[in-house]
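Enquirer: All chains should be built: construct the whole structure from the sequences, respecting the hints.
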Amino acid sequence: SQTIHQWPATLVQPVGSPLSLECTVEGTSNPNLYWYRQAAGRGLQLLFYSVGIGQISSEVPQNLSASRPQDRQFILSSKKLLLSDSGFYLCAWREDGYTFGSGTRLTVV
Amino acid sequence: GEDVEQSLFLSVREGDSSVINCTYTDSSSTYLYWYKQEPGAGLQLLTYIFSNMDMKQDQRLTVLLNKKDKHLSLRIADTQTGDSAIYFCAKARGSYIPTFGRGTSLIVHP
Chain A
1 SQTIHQWPAT LVQPVGSPLS LECTVEGTSN PNLYWYRQAA GRGLQLLFYS
51 VGIGQISSEV PQNLSASRPQ DRQFILSSKK LLLSDSGFYL CAWREDGYTF
101 GSGTRLTVV
Chain B
1 GEDVEQSLFL SVREGDSSVI NCTYTDSSST YLYWYKQEPG AGLQLLTYIF
51 SNMDMKQDQR LTVLLNKKDK HLSLRIADTQ TGDSAIYFCA KARGSYIPTF
101 GRGTSLIVHP
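Read top to bottom, the protein sequences are chains A and B.
Under the working numbering, the first sequence has 30 at position 30, and the numbering climbs by one with no breaks.
Under the working numbering, the second sequence has 100 at position 100, and the numbering climbs by one with no breaks.
Rather than coming from a laboratory, the hints here were simulated on the basis of the structure.
Every value quoted in this text rests on a predicted model; they were computed, and no experiment measured them.
Please note that a few of the clues may not be correct.
What the hints assert, rightly or not - Result set (DSBU-like, lysine-lysine): computed pairs, CA atoms no more than 35 Å apart in a straight line:
1) B:K56 x B:K67
2) B:K36 x B:K67
3) B:K36 x A:K80
4) B:K68 x B:K56
5) B:K56 x B:K70
6) B:K36 x A:K79
Expert: If you want it as structure tokens, here you go:
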């Protein structure tokens, strides 16, 4: 069966520190993978998507970057976090509909 | 305005039916989704409907689509406290990335 893992579940980081959120999927190959951010009271904002290894498309210019070093691994990073980067980050992959990870709640202090 | 609009809150009594509404602007959407997000968790796909359908029923869930008015609704029969969550409407055209609404917080009280 297909599963998606995302960690950590919660993270508190100081302003200016780096970030690395990881997402892995199991039970599928060459999935389309996505990073979304959900800010309080707002819908889901698509940050990045990837259709294959090394292929990253950015939807919103920002302080974040993404990488896909392996077929089933998708990483969201930042070199220096801003307060505005706080939010709930969701990894997703697409088959019938979209399957989402359990999310990472990031608080930048 | 937003591509997908939903009211932010809905409060219902346990046992009543809940109806969560969604309107969208893009008439070329072919897939319309409903997701549920419980506190601190990821999104769970509840159901989806193709744009050539008017209705889809799955146990306590009924999805109605009015293409003319670009209106989608999710009806939850016999709402329970465990149904309390945020419900997201989303639309997509074919395999394109979906656009999500802001979510409707459903509060179920005894």
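Enquirer: Now look at each hint and say whether the structure bears it out.
Expert: Hint by hint, here is what the structure shows:
1. Only pairs whose Cα atoms come within 35 Å are accepted, and B:K56 paired with B:K67 is accepted, the gap being roughly 14 Å.
2. Only pairs whose Cα atoms come within 35 Å are accepted, and B:K36 paired with B:K67 is accepted, the gap being roughly 23 Å.
3. Only pairs whose Cα atoms come within 35 Å are accepted, and B:K36 paired with A:K80 is accepted, the gap being roughly 32 Å.
4. Under the criterion of a C-alpha separation no larger than 35 Å, the hint pairing B:K68 with B:K56 is consistent with the structure, at around 17 Å.
5. Using a Cα cut-off of 35 Å, the hinted pair B:K56 and B:K70 holds, with the two alpha carbons roughly 16 Å apart.
6. With a C-alpha separation of about 32 Å, the suggested pair B:K36 and A:K79 falls inside the 35 Å cut-off, and the hint holds.
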